[in-house]
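Visitor: Now for the letters of each chain:
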Amino acid sequence: EDQVTQSPEALRLQEGESSSLNCSYTVSGLRGLFWYRQDPGKGPEFLFTLYSAGEEKEKERLKATLTKKESFLHITAPKPEDSATYLCAVQATGGFKTIFGAGTRLFVKA
Amino acid sequence: DAGVTQSPTHLIKTRGQHVTLRCSPISGHKSVSWYQQVLGQGPQFIFQYYEKEERGRGNFPDRFSARQFPNYSSELNVNALLLGDSALYLCASRRTSGREDTQYFGPGTRLTVL
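In the order they appear, the protein sequences are chains A and B.
Under the numbering used here, the first residue of the first sequence carries the number -7, and numbering increases by one thereafter.
Under the numbering used here, the first residue of the second sequence carries the number 17, and numbering increases by one thereafter.
One chain only, chain B, in its complex shape (with noise of 0.2 Å):
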């Protein structure tokens, strides 16, 4: 099975510019978060979609929205970027089933905002 998979790899853009992040989830998988890791941090949470609906937000502002798609892949947007939104931006694929909630990370987008 293939596993989480997320468009571009790499990115870099200027300061004002928008940028949107892509992501699969596993198949079957029909929850998707998002995170923000800075370098030498843990990811932090940005949002979670479940069946297309917003079902959580981090503390981000509001220039970060993102959207859940009837085939559950995901867009993350970003707006009026600044130089502080560089970092890798993480997808996780979510299975739950009971108690379980297991996220499964895809291998991220590095977003370099020059």
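Bound conformation, chain A alone (with noise of 0.2 Å):
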């Protein structure tokens, strides 16, 4: 069964504070994977498509990574603005759904 588990569910950053965000999945044949941020009561913000294992993506302050197994979102230098919740989906080869992760919650203090 297809599967993304995003990992952890909350971290907390000092400004300035680099880290990353991780997203393992479980699908049969992947045609795509995206990481989408999310406001507080706002529908998911696209930020990035990755197809293929190796692939690297940036924006800002973002950037995206892709393996066999599992998708890292790197945050360099974060500010308070960037605090928001982080989702991951999978699309499968031939599917149609897009499966989600339960999402990444960034809290980054000033």
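Hints were generated in silico from the structure; no laboratory data involved.
Just to be clear, a hint being listed does not mean it is correct.
30 Å max Cα-Cα, derived DSSO-like pairs, lysine-lysine [as the list claims (entries may be wrong)]:
hint, chain 1, residue 1, chain 2, residue 2
1, A, 49, B, 46
2, A, 61, A, 51
3, A, 49, A, 71
4, A, 34, A, 55
5, A, 34, B, 46
6, A, 51, B, 46
7, A, 55, B, 68
8, A, 71, A, 101
9, B, 29, A, 55
10, A, 71, A, 51
Two chains, two frames, some hints: make the complex.
Guide: This is the structure:
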């Protein structure tokens, strides 16, 4: 069964303290892995799509990487405005559904 | 360009009632997906529609139904509401091109069932 597990559930950082969020996945064949940011009470905001192992993508202080079993979202020198829930999702080859993890809640303190 | 729009923003219903939620995708996108997100969890897939045809359904009871109109907007209907149906309902507009399949979410409809 296709599955996505994110860790940690919550992460508290000081402003400027870099860290990584983990997304472990099990899927029959990976079509794409997605990262989203979600603020409280709002819809998820698209960040990245990764398609194959070894691929990396960057956007401002965020960098996403992909291996055959997991993906990391690296946050460099975070700011308080980076505080949000970060969601990871996968889509299987030939499938129609996108499976989301439970998310990592990030808190960045000034 | 306008993003994905959903209406209403908030809705309060009582058990046993029926609800209809609406979604308009990004212009040019022909596919829409619906998700249910319970507090503290990730979104759970309900339906995908493409060119007015149902392409996929998640593990939800038959009380949940949807349709897509010729202008690609969509409705999600839930009958015989239960307390457990209280959640944020998200609509996603999908852009598919080659191997790319990216979803852009709307702001959601917060449904409370009393």
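Visitor: With a cut-off of 30 Å on the C-alpha distance, tell me whether residue 55 of chain A and residue 68 of chain B pass.
Guide: Roughly 37 Å between the alpha carbons, so the hint for residue 55 of chain A and residue 68 of chain B is violated.
Visitor: Do the alpha carbons of residue 49 of chain A and residue 46 of chain B lie within 30 Å of each other, as the hint requires?
Guide: Holds - the C-alpha atoms of residue 46 of chain B and residue 49 of chain A are around 27 Å apart, at most 30 Å.
Visitor: Given the proposed pairing of residue 71 of chain A with residue 101 of chain A, does the C-alpha separation stay at or below 30 Å?
Guide: 8 Å, holds
Visitor: Quick one, are residue 71 of chain A and residue 51 of chain A close enough, alpha carbons at most 30 Å?
Guide: With a Cα-Cα distance of about 14 Å, the restraint between residue 71 of chain A and residue 51 of chain A holds, given a limit of 30 Å.
Visitor: Would you mind confirming whether the straight-line C-alpha gap from residue 34 of chain A to residue 55 of chain A stays at or under 30 Å?
Guide: This hinted pair holds, its Cα atoms lying about 23 Å apart.
Visitor: Are the Cα positions of residue 34 of chain A and residue 46 of chain B separated by 30 Å at most?
Guide: Since the Cα atoms of residue 34 of chain A and residue 46 of chain B sit roughly 23 Å apart, the hinted pair holds (cutoff 30 Å).
Visitor: For the pair we were handed, residue 49 of chain A and residue 71 of chain A, check the Cα-Cα distance against 30 Å.
Guide: Roughly 20 Å between the alpha carbons, so the hint for residue 49 of chain A and residue 71 of chain A holds.
Visitor: Take the C-alpha atoms of residue 61 of chain A and residue 51 of chain A, compute the straight-line distance between them, and say whether it is at most 30 Å.
Guide: 23 Å, holds
Visitor: Check the hint pairing residue 51 of chain A with residue 46 of chain B against an upper bound of 30 Å on the C-alpha distance.
Guide: The hint holds at about 27 Å.
Visitor: Is the straight-line distance between the alpha-carbon of residue 29 of chain B and that of residue 55 of chain A 30 Å or less?
Guide: With a Cα-Cα distance of about 42 Å, the restraint between residue 29 of chain B and residue 55 of chain A is violated, given a limit of 30 Å.
Checked against the numbered hints listed earlier, the structure breaks hints 7, 9; every other hint is satisfied.
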